[in-house]
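Protein chains: 2
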Amino acid sequence: MAMHDVTIEKTILTLLDEKKYQTLKDILVTMEPSDIVAVFEELKEEKVPLLFRLLPKETAAEVFAELEPDWQELLIKGFSDTELREVVNELYVDDAADLVDEMPANVVKRILAQAAPELRKEINEILRYPENSAGSVMTTEYVSLRPEMTISDAIVRIRRTGVDKETIYTCYVTEARKLIGVVSVKDMLLAQDDQTPVSQIMDENVIYVNTMTDQEEVAQMFSKYNFLALPVVDNGGRMVGIVTFDDAMDIIEEETTEDIEKMAGMLPSEKTYLRSSALDLFRNRIPWLALLMVSATFTGMIITGFENALAAQVVLTAFIPMLMDTGGNSGSQASVTVIRALSLGELEFSDVPKVIWKEIQTSVLCGVALATLCFAKIMLFDRMVLGNTDITLTVAFTVCFTMAVTVLMAKLVGCTLPMIAKKLGFDPAVMASPFITTIVDALSLLVYFGIARAVLF
Amino acid sequence: MAMHDVTIEKTILTLLDEKKYQTLKDILVTMEPSDIVAVFEELKEEKVPLLFRLLPKETAAEVFAELEPDWQELLIKGFSDTELREVVNELYVDDAADLVDEMPANVVKRILAQAAPELRKEINEILRYPENSAGSVMTTEYVSLRPEMTISDAIVRIRRTGVDKETIYTCYVTEARKLIGVVSVKDMLLAQDDQTPVSQIMDENVIYVNTMTDQEEVAQMFSKYNFLALPVVDNGGRMVGIVTFDDAMDIIEEETTEDIEKMAGMLPSEKTYLRSSALDLFRNRIPWLALLMVSATFTGMIITGFENALAAQVVLTAFIPMLMDTGGNSGSQASVTVIRALSLGELEFSDVPKVIWKEIQTSVLCGVALATLCFAKIMLFDRMVLGNTDITLTVAFTVCFTMAVTVLMAKLVGCTLPMIAKKLGFDPAVMASPFITTIVDALSLLVYFGIARAVLF
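Residue numbers (my numbering), protein chains in the order written: chain E, 1 to 457; chain C, 458 to 914.
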């Protein structure tokens, strides 16, 4: 199957309209669950239950798990108890827990009534943990082995229990529920003698996370160690579940989107862009816009304070946007670089002196280069080409000197604020461009008018 | 082993100084390669070869593959031919290809001289493909099966050849080198009868990528389908390699960092922040700073054009920063949201009308809210508390009306430019905040002075 099938979505929608159900079944059986989910996203509400009933048994639960909550709710409301039981008990435990977490109370009641007792217990187990903790994203379906088992015993066990497990390739060796080792199917398959006990080939240096570990840290460990799964252990060292690499990829994507949204002065969104209503977007965007607008009162007050000076030298006003934008851009370059390095774990608070020194050097280089370029631009273009005779050498000097100082201040504010935020336990991403721009605006205007007053009046 | 071992790095550095080599060996054997790499990053140059020689044989190549290029070069220069041969031939093919790609010519010559002929051929194969293509990031070490093999034959084959493969869990079924199916070790282990031919249990609907597919697209497919590995196929449909999930995670991290850097008006960096010199940072940051500074000439010209009006109503100047910043913030909210949605594959060019409509609604909501808040702030705080009597009702109206129009323009420019860039084949991330701020500044000033002229003079 080709990798991009925008047209297959159209074909399916057409076949659905034409009620060619057998043909649809034949097509659906060849498709990956994720591609089927993409078709559901294009579907009108009334067609959703219809298409779902045409899915092959094996993929139905997998597709269901990936659907958006509103489609899930719609489907459940249309399910008979038997249908609901079939779907729910086919779900992986972590997906079932997500579902219970997202549905309204009356739907949850029906789901739990149809869930097998064991599944119900495990769903409740997972929902006990706080949001975004390893416990809340783990699944309780993993292969556990005892240390005295031989490799051949272990393989028999995997064959017997593996079909329900989210991964069989990494198996966990436990003794009295304590995690004591990890062994991969690769190690077992490649071992010379299948009568070797598991305890002899297992790796005892197990990397694990605690149930309360933040999901972002869990995801970082995946990109560091390249594991297929990480075991989750409670405070007593007892193994309670695993997080798998595909969940880690989802977490990384979600956390990165959240970081990017915060950096652009927005609250993190719950839904994808196309599924967000204008009201959702408004709610995410207005708080920072309003806060930053009000805080621009300071810049306004600074300008009002120098109103008489400005009235005498109106030419100074023309350079305010350039100084402010360059300050904002310089600051956000530094802050965004530092925020990204923090979230990739490349920087720690102890690196502050190194970071500040690096940014000072960089801002001197940038400041001198920009000031020189700016001086040339002002004298050659603004003064000579445009013939603006208000621009004296002193004015040009004032602007260019302010430019260099602004770049320095912007880069220092930009690199330090995120690190301080992190140290104080806030999210550094909030200290990105918009916030820093407001501070740098005020600082650069103070410098500008300060120098202007000293030199020009 | 605990998950965070900042102190173990210190212990190792101390033991190295004290020449306690046997203790070091005992510690190193319990450590994960990635954690050992973290120790190398803290090391002084002269200690690098020493610590490397203490590594257990099994992990040495894995650690070597993850080191920064400067440490790799240093080590190779110190290696005897025998040592070099051992390390190079232990590397996975894709890591060996990366190494050859990054080392200077004289080092490459030595590496290729020590590489086994088969490895040399495969390195050259991978290096033929353009940078960032699937061919350039794939590995040629995968398990291939023939369709007529039984499951038990297949397992024998995996046992015999698996030790060198990057993953054994997904096996590819080929016929005359053409990829015809995929089968997982899980399917084979869980099958009832191990005399079943592979062709009966394999999945014939294989999702694959072409050697020339861009790595970003490859990575997106991993987060969509949750595969352990994706097969790479040439234009003739012949299987040439696989990309594994851990490489996909690295690609996602790298591409996201690049996007974030571009959004903040920087050229993408080659090195991590702490390894970049001030000169590296300067080179990445100055082009956009300089370009944006020069383009602020337009805003300057607009202000100069209205100089006389401004001189008569200096009070207008005080609101320029607030209008500009709010415009910039509104625009970057829209552009960053759209850029992220584009890079996650949630948006396509055909969605332009939907996006524009959504942003119009959102900006009307934001614009009205901000204008109202702004009006209250100006009349209650600026005029009454601060007692600025220059602020008349007409001035307040001019500012607030401009505010609403600016938000609308900013959001429209912000959402459309990235989509147009994508359509034209440019990277949408370049159309982020700094670029849009410059455009929105000019537009908002034109509106501001336009309204002021109509209303105030």
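Just to be clear, a hint being listed does not mean it is correct.
[As the list claims (entries may be wrong)] When the alpha-carbon atoms are kept at most 30 Å apart in a straight line, the in silico DSSO-like pairs for lysine-lysine are as follows:
hint, chain 1, residue 1, chain 2, residue 2
1, C, K879, E, K44
2, C, K514, C, K476
3, C, K467, C, K477
4, E, K20, E, K57
5, E, K77, E, K44
6, C, K467, C, K504
7, C, K643, E, K186
8, C, K534, E, K47
9, C, K534, C, K501
10, E, K224, C, K504
11, E, K44, C, K578
12, E, K271, C, K880
13, E, K44, C, K534
14, E, K224, C, K880
15, C, K534, E, K165
16, C, K643, E, K25
17, C, K635, C, K622
18, E, K224, C, K514
19, C, K879, E, K10
20, E, K178, C, K504
21, C, K477, C, K501
22, E, K165, C, K501
23, C, K811, E, K224
24, E, K224, C, K534
25, C, K681, E, K224
26, E, K224, C, K728
27, C, K578, E, K20
28, C, K578, C, K514
Everything labelled a hint here was simulated from the structure, so no lab data went into it.
Each hint, compared with the structure:
Taking the CA atoms of K879 of chain C and K44 of chain E, the gap is near 29 Å; set against the 30 Å cutoff, the hint holds. As the CA atoms of K514 of chain C and K476 of chain C are separated by approximately 20 Å, the hinted pair is consistent with the 30 Å bound. Restraint check for K467 of chain C and K477 of chain C: the C-alpha separation of about 14 Å stays at or below 30 Å, so the hint holds. With a CA separation close to 19 Å, the supplied pair K20 of chain E and K57 of chain E stays within the 30 Å bound.
For a cut-off of 30 Å, the pair hint linking K77 of chain E to K44 of chain E stands: about 16 Å separates their Cα positions. Of the pairs offered as hints, the one joining K467 of chain C and K504 of chain C holds, with about 14 Å between alpha carbons and a cut-off of 30 Å not exceeded. With a C-alpha separation of about 11 Å, the suggested pairing of K643 of chain C with K186 of chain E holds against the 30 Å cut-off. For a cut-off of 30 Å, the pair hint linking K534 of chain C to K47 of chain E is broken: about 66 Å separates their Cα positions.
Distance hint between K534 of chain C and K501 of chain C is fulfilled; the C-alpha atoms sit about 16 Å from each other, no more than 30 Å. At roughly 24 Å between alpha-carbon atoms, K224 of chain E and K504 of chain C fall within 30 Å of each other, so this suggested pair holds. With a CA separation close to 53 Å, the supplied pair K44 of chain E and K578 of chain C exceeds the 30 Å bound. A hinted pair counts as satisfied when its Cα atoms are at most 30 Å apart, and K271 of chain E with K880 of chain C qualifies at roughly 25 Å.
At roughly 65 Å between alpha-carbon atoms, K44 of chain E and K534 of chain C are farther apart than 30 Å, so this suggested pair is violated. Only pairs whose Cα atoms come within 30 Å are accepted, and K224 of chain E paired with K880 of chain C is rejected, the gap being roughly 35 Å. For the proposed pair K534 of chain C and K165 of chain E, the alpha carbon gap of about 48 Å is over 30 Å, so the pair is violated. The suggested pairing of K643 of chain C with K25 of chain E holds, with an alpha-carbon distance near 26 Å, which does not exceed 30 Å.
Taking the CA atoms of K635 of chain C and K622 of chain C, the gap is about 20 Å. The hint holds against a cut of 30 Å. For the suggested pair K224 of chain E and K514 of chain C, the alpha carbons sit about 21 Å apart, so the restraint of at most 30 Å is met. With a C-alpha separation of about 23 Å, the suggested pair K879 of chain C and K10 of chain E falls inside the 30 Å cut-off, and the hint holds. Among the hinted pairs, K178 of chain E with K504 of chain C is inconsistent with the structure: their alpha-carbon atoms are about 39 Å apart, more than 30 Å.
Distance restraint check for K477 of chain C and K501 of chain C: the Cα-Cα separation of roughly 17 Å lies within the 30 Å cut-off, and the hinted pair is therefore satisfied. Restraint check for K165 of chain E and K501 of chain C: not satisfied, since their Cα atoms lie roughly 46 Å apart, outside the 30 Å limit. Note on K811 of chain C and K224 of chain E: the hinted pairing is violated, with a Cα-Cα distance of about 39 Å set against a maximum of 30 Å. A hinted pair counts as satisfied when its Cα atoms are at most 30 Å apart, and K224 of chain E with K534 of chain C qualifies at roughly 27 Å.
Proposed proximity of K681 of chain C and K224 of chain E is supported: the alpha carbons are some 21 Å apart, at most 30 Å. Distance check on the hinted pair: K224 of chain E and K728 of chain C sit about 17 Å apart at the alpha-carbon level, within 30 Å; holds. About 52 Å separates the Cα atoms of K578 of chain C and K20 of chain E, which puts this hinted pair outside 30 Å; it is violated. About 25 Å separates the Cα atoms of K578 of chain C and K514 of chain C, which keeps this hinted pair within 30 Å; it holds.
Against the hints set out earlier in the document, violations occur for numbers 8, 11, 13, 14, 15, 20, 22, 23 and 27.
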